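My request is simple: use the sequences and hints to build the entire structure.
The residues making up each chain are set out below.
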Amino acid sequence: MKKIGLLVMFAVFAIGCNSDDDSSAEILGCMDPDSINFNPEANTDDGSCSYLKNVTFNFTQNWGGEDRPVTKIDFNSTTYENEMGTTLTLSKLRYLISKIQLHKSDTTITIENYQLVDLAMDSSLSLAPTQQIPTGDYTGISFVYGFNEEDNISGNYPDLNDASWNWPAMLGGGYHFMQMEGSYNDENGMPQPYAYHNGRARLSMDNFVNNHLEFDFQRNFTVTDDTTIEIRMDISEWYKNPNMWDLNQYNVDLMMNYDAQILMHENGASVFSIGEINQ
Amino acid sequence: MQERLRGNIYYFVLAFAFAICSSCSSEDPGGEVMEEGYVPTPKPLNVPAIFQQYLPQPNIPEDNPQTVEGVALGRKLFFDPMLSGDGTQSCATCHQPQNAFTDLQQFSEGIDGIVGFRNVMPIYNLAWNTNAKFFWDGRAGDLETQALEPVTNPIEMHNTWPNAVASLQSDAAYPELFEQAFGTETVTKELVAKAIAQFERTLISGNSPFDKYLLGEGTLTEQEINGFEIFMDEARGDCFHCHGNEFSPLWTDNIFHNNGLDEIITDKGLGNITGDPRDDGLFKSPSLRNLAYTAPYMHDGRFETLDEVINHYSEGLVYSPTIDPLMKAIAQGGVQLTESDKADLKAFLLSLSEPAFVNNPDFQNPN
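Sequence lines, in order, name chains A and B.
The numbering of the first sequence is the UniProt record's numbering, which starts it at 1 and goes up by one.
The numbering of the second sequence is the UniProt record's numbering, which starts it at 1 and goes up by one.
It should be emphasised that the hints constitute simulated quantities derived from the structure, not laboratory data.
Model, not experiment: these values are computed from the prediction.
Take these hints with a grain of salt, some might be off.
To be verified - Under 7 Å between C-beta atoms, here's a sample of chain B residues computed to sit facing chain A:
id, residue
1, Gly113
2, Asn129
3, Thr130
4, Leu220
5, Gly244
6, Asn245
7, Phe247
8, Asp253
9, Arg278
10, Phe303
11, Lys328
Claimed, not checked - Pairs of lysine to aspartate or glutamate residues, derived as EDC-like cross-links and limited to a Cα-Cα distance of at most 16 Å, are as follows:
id, chain 1, residue 1, chain 2, residue 2
12, B, Lys76, B, Asp171
13, B, Lys346, B, Glu304
14, A, Lys72, B, Asp276
15, B, Lys268, B, Asp300
16, A, Lys72, A, Asp118
17, A, Lys72, B, Asp279
Stated by the list, open to error - Stretch by stretch, here's where chain A covers chain B in the computed footprint (C-beta under 8 Å, at least three residues):
id, region
18, 53 to 63
19, 227 to 238
All residues carry an ideal CB built from backbone N, CA and C; glycine is no exception.
Here it is in structure tokens:
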């Protein structure tokens with residue numbers, strides 16, 4: 001935005017110079033002093049005024065794209081069938097989203113907050129940063145699932161430490177990206193636990209892959225007022241695409257399992273999408 | 001125009017808020033005052049270095065700030081048997097400083113000789129109880145509410161609040177102490193609970209040998225360090241998912257789990273409070289600090305030693321429908337730690353115990 005401001009000011013200055021002799025020259029610009037691009041020199045409003053608006057990100061979860069959301073009400077009761085045909089329930093789902101960015105044709109707004117989404121805690125299902133965004137046309141939304149290498153620093157975030165969200169030092173440290181837990185029925189129909197935990201992958205001693213995912217969605221939308229953006233997780237995709245997940249093979253003790261961590265990373269690529277954008 | 005109007009209102013609100021704030025800060029540094037003209041002395045919590053480094057700020061309710069006078073009153077009340085029905089038991093009867101504010105009993109007797117059915121919880125680091133659920137079953141939503149209950153519980157101190165308040169009101173010393181702490185000589189149960197909660201929030205343990213090791217101020221034995229590795233190893237101890245880690249130094253997640261103690265759930269725990277059968281048999285994870293002083297263990301005190309606790313997770317787990325998925329290999333009873341791993345894990349756990357906490361002179365009986 002600063003760049004636009006400078007450009008506008010420069011343009012005004014240039015126009016001003018050229019029209020020294022003509023005191024009634026038309027100067028185009030935003031004439032509202034409450035806007036973020038107010039031009040005190042302007043004498044003709046060109047409709048370019050921009051304002052700051054609140055933005056809220058709502059995190060929703062579903063199974064297989066169904067309209068009915070997956071919530072804590074479903075924990076330990078609703079059964080789901082994964083791509084492999086295994087019946088399972090959920091008892092916990094927490095995941096971390098960071099570095100949310102909103103893209104305009106000429107600039108990018110980065111939301112400073114990260115969000116630990118915890119289905120058991122309703123307040124964590126939406127992020128309403130104090131930071132505001134300018135009105136106007138947008139071209140897309142991007143974010144990071146987990147923390148990127150630069151942000152994934154052991155012990156760096158008090159609220160995440162308090163949530164015991166840390167990833168063990170022996171596995172490269174940093175933080176969990178996701179904890180999905182519950183029960184599945186084994187080949188004999190007996191309930192067995194699973195803990196689908198994702199984070200840094202340990203290839204060998206002192207050799208780690210950060211394993212986060214960067215999402216970049218093209219989406220044209222116009223912000224004219226306070227805006228709500230839905231970020232959707234299709235949980236079934238963790239078991240599906242491109243790797244069919246066999247809970248009988250991969251259920252617990254997955255954190256130090258390099259292959260399992262990479263399979264999660266690959267399946268995660270189709271998990272998220274941008275849902276409704278409302279104002 | 002609407003934007004401009006909103007902008008103007010915004011500035012007005014800001015200016016107004018500023019005026020209020022500056023008046024607060026100049027006349028009312030203590031925050032809450034009952035009567036005009038008197039302000040008790042603020043007393044911020046003594047936050048250990050390891051907490052400052054890794055944890056959020058302590059949780060102090062706005063309507064009960066920590067003060068010198070409030071903490072002193074709370075300490076006196078905590079140790080005063082006057083609060084019980086027959087004047088024989090104080091909070092400290094069961095919450096003894098030398099045992100990290102629990103006692104050595106599996107179940108403790110109230111004033112009528114009736115024993116309870118849950119093990120006495122230790123008391124420390126309660127200002128970091130992020131989820132704000134107190135008791136093994138989470139039935140109190142804040143510490144002030146928690147402090148109200150044992151006084152009237154028929155199997156504990158078995159008093160009535162009107163009676164307890166009347167005793168304090170007619171005492172020679174207390175009205176003046178309430179005046180100093182809260183600006184009023186009128187004793188109420190709410191002020192009693194506030195004072196006790198203030199004292200309890202000062203009970204902070206964060207300087208154990210393991211903390212000193214993390215801060216580079218002390219060393220650990222090889223066995224203790226190896227025990228920590230087992231604790232953090234998902235395929236061996238896998239303790240960290242519920243009990244913290246070197247960056248999460250409360251050593252509890254402060255939430256509720258069924259840790260595979262019984263096939264048939266007889267004490268529903270959290271399920272009694274929520275009424276949700278999916279919560280049956282869930283109890284709050286206790287902190288692993290000060291285990292050297294807090295035997296016996298579990299919500300029902302069934303294990304007398306730490307060895308029994310470790311054996312439970314290693315080979316004693318049993319299935320019930322609400323068991324936590326973090327309990328693994330249940331058909332075999334658990335993760336089958338080797339005897340040397342068990343010994344190392346125990347050594348590490350004991351490095352989280354802090355003699356200076358149980359011996360802190362500020363936490364002893366002032367009466």
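Item to check | Pair hint outcome, Lys72 (chain A) versus Asp118 (chain A) [Cα-Cα no greater than 16 Å] | outcome: Within the cut-off at roughly 9 Å; holds.
Item to check | Supplied contact hint for Leu220 (chain B), tested at 7 Å Cβ to chain A | outcome: Cβ of Leu220 (chain B) sits 15 Å from chain A, so the hint is violated.
Checklist entry - Taking 16 Å as the top limit, are the C-alpha atoms of Lys346 (chain B) and Glu304 (chain B) close enough? => result holds (14 Å)
Checklist entry - Should the interface hint for Arg278 (chain B) be scored as holding, given a Cβ-Cβ cut-off of 7 Å against chain A? => result holds (5 Å)
Item to check | Hint status (Cβ of Phe247 (chain B) to nearest Cβ of chain A, threshold 7 Å) | outcome: Since the shortest Cβ distance to chain A is 4 Å, the answer is holds.
Item to check | Given pair status - Asp171 (chain B), Lys76 (chain B), alpha carbons within 16 Å | outcome: holds (13 Å)
Item to check | Phe303 (chain B) as chain A interface residue, shortest Cβ-Cβ below 7 Å | outcome: violated (23 Å)
Next on the checklist: So, as I understand it, the hint says Asn245 (chain B) touches chain A; can you test that by seeing if any CB pair is closer than 7 Å?
Outcome noted: For Asn245 (chain B), the interface hint holds, since the closest Cβ of chain A sits about 5 Å away, which is under 7 Å.
Item to check | Given pair status - Asp276 (chain B), Lys72 (chain A), alpha carbons within 16 Å | outcome: Within the cut-off at roughly 12 Å; holds.
Checklist entry - For the region 53 to 63 of chain B, does the count of residues with a C-beta closer than 8 Å to a C-beta of chain A reach 3? => result Holds, because 4 residues of the region 53 to 63 of chain B bring their Cβ atoms closer than 8 Å to Cβ atoms of chain A.
Checklist entry - Do at least three Cβ atoms from the region 227 to 238 of chain B come closer than 8 Å to Cβ atoms of chain A? => result Holds, because 6 residues of the region 227 to 238 of chain B bring their Cβ atoms closer than 8 Å to Cβ atoms of chain A.
Checklist entry - For the hint on Asp253 (chain B), does the least C-beta distance to chain A fall short of 7 Å? => result Asp253 (chain B) check passes; min Cβ-Cβ to chain A is 5 Å, inside 7 Å.
Going down the numbered hints, you'll see the structure goes against 1, 2, 4, 10, while the others check out.
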